[in-house]
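Asker: Starting from the known structure of chain W, arrange chain V on it as the hints suggest.
Number of protein chains: 2
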Amino acid sequence: MFKDLDELKKKYTNIRRFNEDQFINLQPIQRGGVLTPEAQKALMEWGDGYSLCDNCLKGDISLIENPPVKDFMVDFRKFLRVDDVLFTESCRRSKQIAMAVLKEKFHDTNRNIILLDSNAHYSTFLAAEWNGLDVREVPKTGYPEFKVELEKYSEKIDEIEDETGDLPLAALLTHVDYAYGNYNDASIVSKICQKKGVPFILNGAYTVGTLNINTNEIGADFITGSGHKSMSSSGPMGILGFKKDYETIIKKRSNLKGDLTGKTFGIKMCYMLGCPGVYGAPLMTLMASFPSLVERTQPDKAKEEGEKAEYFIQKAEKVEGIKMLGTRPKIYPLINLETPGFKKISETHPRKGFFLREDFKKEGIIGMAPGISKKLEISTYGLTWEQVYYVTDTFLKIARKNGMKIEN
Amino acid sequence: MFKDLDELKKKYTNIRRFNEDQFINLQPIQRGGVLTPEAQKALMEWGDGYSLCDNCLKGDISLIENPPVKDFMVDFRKFLRVDDVLFTESCRRSKQIAMAVLKEKFHDTNRNIILLDSNAHYSTFLAAEWNGLDVREVPKTGYPEFKVELEKYSEKIDEIEDETGDLPLAALLTHVDYAYGNYNDASIVSKICQKKGVPFILNGAYTVGTLNINTNEIGADFITGSGHKSMSSSGPMGILGFKKDYETIIKKRSNLKGDLTGKTFGIKMCYMLGCPGVYGAPLMTLMASFPSLVERTQPDKAKEEGEKAEYFIQKAEKVEGIKMLGTRPKIYPLINLETPGFKKISETHPRKGFFLREDFKKEGIIGMAPGISKKLEISTYGLTWEQVYYVTDTFLKIARKNGMKIEN
Numbered sequence: 016m017f018k019d020l021d022e023l024k025k026k027y028t029n030i031r032r033f034n035e036d037q038f039i040n041l042q043p044i045q046r047g048g049v050l051t052p053e054a055q056k057a058l059m060e061w062g063d064g065y066s067l068c069d070n071c072l073k074g075d076i077s078l079i080e081n082p083p084v085k086d087f088m089v090d091f092r093k094f095l096r097v098d099d100v101l102f103t104e105s106c107r108r109s110k111q112i113a114m115a116v117l118k119e120k121f122h123d124t125n126r127n128i129i130l131l132d133s134n135a136h137y138s139t140f141l142a143a144e145w146n147g148l149d150v151r152e153v154p155k156t157g158y159p160e161f162k163v164e165l166e167k168y169s170e171k172i173d174e175i176e177d178e179t180g181d182l183p184l185a186a187l188l189t190h191v192d193y194a195y196g197n198y199n200d201a202s203i204v205s206k207i208c209q210k211k212g213v214p215f216i217l218n219g220a221y222t223v224g225t226l227n228i229n230t231n232e233i234g235a236d237f238i239t240g241s242g243h244k245s246m247s248s249s250g251p252m253g254i255l256g257f258k259k260d261y262e263t264i265i266k267k268r269s270n271l272k273g274d275l276t277g278k279t280f281g282i283k284m285c286y287m288l289g290c291p292g293v294y295g296a297p298l299m300t301l302m303a304s305f306p307s308l309v310e311r312t313q314p315d316k317a318k319e320e321g322e323k324a325e326y327f328i329q330k331a332e333k334v335e336g337i338k339m340l341g342t343r344p345k346i347y348p349l350i351n352l353e354t355p356g357f358k359k360i361s362e363t364h365p366r367k368g369f370f371l372r373e374d375f376k377k378e379g380i381i382g383m384a385p386g387i388s389k390k391l392e393i394s395t396y397g398l399t400w401e402q403v404y405y406v407t408d409t410f411l412k413i414a415r416k417n418g419m420k421i422e423n
Numbered sequence: 016m017f018k019d020l021d022e023l024k025k026k027y028t029n030i031r032r033f034n035e036d037q038f039i040n041l042q043p044i045q046r047g048g049v050l051t052p053e054a055q056k057a058l059m060e061w062g063d064g065y066s067l068c069d070n071c072l073k074g075d076i077s078l079i080e081n082p083p084v085k086d087f088m089v090d091f092r093k094f095l096r097v098d099d100v101l102f103t104e105s106c107r108r109s110k111q112i113a114m115a116v117l118k119e120k121f122h123d124t125n126r127n128i129i130l131l132d133s134n135a136h137y138s139t140f141l142a143a144e145w146n147g148l149d150v151r152e153v154p155k156t157g158y159p160e161f162k163v164e165l166e167k168y169s170e171k172i173d174e175i176e177d178e179t180g181d182l183p184l185a186a187l188l189t190h191v192d193y194a195y196g197n198y199n200d201a202s203i204v205s206k207i208c209q210k211k212g213v214p215f216i217l218n219g220a221y222t223v224g225t226l227n228i229n230t231n232e233i234g235a236d237f238i239t240g241s242g243h244k245s246m247s248s249s250g251p252m253g254i255l256g257f258k259k260d261y262e263t264i265i266k267k268r269s270n271l272k273g274d275l276t277g278k279t280f281g282i283k284m285c286y287m288l289g290c291p292g293v294y295g296a297p298l299m300t301l302m303a304s305f306p307s308l309v310e311r312t313q314p315d316k317a318k319e320e321g322e323k324a325e326y327f328i329q330k331a332e333k334v335e336g337i338k339m340l341g342t343r344p345k346i347y348p349l350i351n352l353e354t355p356g357f358k359k360i361s362e363t364h365p366r367k368g369f370f371l372r373e374d375f376k377k378e379g380i381i382g383m384a385p386g387i388s389k390k391l392e393i394s395t396y397g398l399t400w401e402q403v404y405y406v407t408d409t410f411l412k413i414a415r416k417n418g419m420k421i422e423n
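Quick note, the sequences are listed as chains W and V, same order. Read left to right, the first sequence gives residues 16 to 423 (this note's numbering). Read left to right, the second sequence gives residues 16 to 423 (this note's numbering).
Chain W extracted, bound-state conformation (with noise of 0.2 Å):
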């Protein structure tokens, strides 16, 4: 089959990540996901697939409790003031889940579109479409804000109604987006919904974690979030929290009997295909990380990341054509720059567009998108302010060695 062993080896066996030890990634999907000194830790600890397995002894493993995985559920729970909580493989997963689970629920109706911020992820494009759902979109502003008019679920939810005779299945609403970073403030689409009784999800893929949030303040019937993304976790590892309303269909247990051998396995949730598989490292590195979660999420602090992310744009934008993408004032760091300077530039460079990514990988800086220049999408999540001042003196060097002018 493989003629040359030695060369198989040679080729998967040693592949190192980056060439040199030492680079700031700023790709906005890692910043809130680079693992703590803790999850490191349990990662070497836990790194067998099923090592939460050796512990289990009633076939569940949120009932195992040690390590504490039971307790860990309820201070999960706490820590999102949300009725309770299932862990999936990732945040798509969650809401896929929230999805069908509400398509379950109103089975006996023509309820078939999901309504969706206009910055909304593809991710939650595809878990509609795998649930068969066609979606309809919220409004946003236009340049440069690009802001989703909440109020506007109101009037969207009325015009499908309209159209259709039905409500929506659901709403849904991105708390920070992937494009702009921009927060949206989720308890007035809740109170929009609750009002006219429509499903509320909520997609915390960047803010679960990262952000102070009372989710039954706000109101949502479900909140999804991504460990990998926002919870210094290992991956995949995703959330799915909920209303105690839900618990019935969403914790359905196994309903199927073996015609000849009358097996069941009544104990297995259908919805979780029983144990979803993040019961070794993805589960225990979240665990690791969850007291950092805690203290990273205390208003001060999560307030900080946005002023880093201030301090940096404010510099950045001194250089001439640039200019900040999304709303101000940053509540969470993720940062969208037009740079019109940088695009003219790689119409006559030799790189082209890639100079960019290259330009900051010589000074240690990595995560831009390859291959474009005519904005800047990165993160300043989790950085101390020593590397932010430090990215952005290198922006600001590589706007002037490139010949760009820079306000004083």
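It is worth saying that the hints were derived from the structure and are not from the lab. Computed from a prediction, not measured in an experiment: that's the story for all the values here.
Any copy, or any two copies together, can satisfy a pair, since identical chains are not distinguished.
Simulated crosslink set (EDC-like; lysine to aspartate or glutamate; CA at most 20 Å straight-line):
| no. | residue 1 | residue 2 |
| --- | --- | --- |
| 1 | 24 | 60 |
| 2 | 283 | 149 |
| 3 | 416 | 353 |
Answerer: The following block gives chain V in isolation, referenced to the frame of chain W:
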């Protein structure tokens, strides 16, 4: 929210896996998943959840050339000798997706039963249940072999057709089952399925990565495998191999469009929910272990694993009342022994059925089901001969210590 952060830190940040450093773990679901040294290294290097995304140029991680993910897709196909392969979060997800794909293919029929062997895993039931399918079982022989009667797939297909007027949606065979470790000759079922026009799913949770498998020669439509169960990969990690015929459906791309933004995500695969989230530690550890998998699945090497199991079983059966359940000779070393003598001891033992697990633990061996003494389900997969001798000697020592008679 949490008054005492130190308390939280104490609880979650330093959870050791075992109290001591070295145990031989015989838990059947874990032996094939134990990380290779190469995978351990990859785990530390690529532990952040989105670590591979740094290298993604085209929005589809399977296209990454450095590290060689794109090559790996080709090498893995070659390894499994299957037309095409996709990575998922687990074997159960692969089964769920295979069934969903078949439902889509046969959506204009009433084929809604899946035919399973009567040793099928619970996750096979749950995958069927998610898809709204009913199950029927192919019989097995009774005590002591519990051997699936493979030829009976034929008459069961006929029965289903007679009963419902439709063929089953698919037939599934568990290549090696979780209860007895019985190995089934998949080509027998495949031939029947081809003749009857029923798609065939081979569940290789234990076998992909431990046995030499030629999927195309077998003729399976789908083959599912588990990285953390049998491919020395950190979890969750699954594979789904399939015949070219299913490519159009299984790889269909997102087709939803935002009504206001016009957003579409034509590169993202619907059934994968885009990128399935294994593209950090799980995939990188699988790649790092891959040369080992190629090596260990060579027929001679794989055969030796059966021989190790046989060595243990033959010695163990010298203890009064102990008898192996399942078929001989062992092809895969998942072992089920009935141990009526231990059961009898447990009836008067202060630690009840737990004494057995505890006796083994004192000798540095773990992985026995808690509280169960009437049978012993273990796997010797991947143990060195020295470890096999030690496990065997310890087993005999514990039997002797507990007053059981041992033949010379």
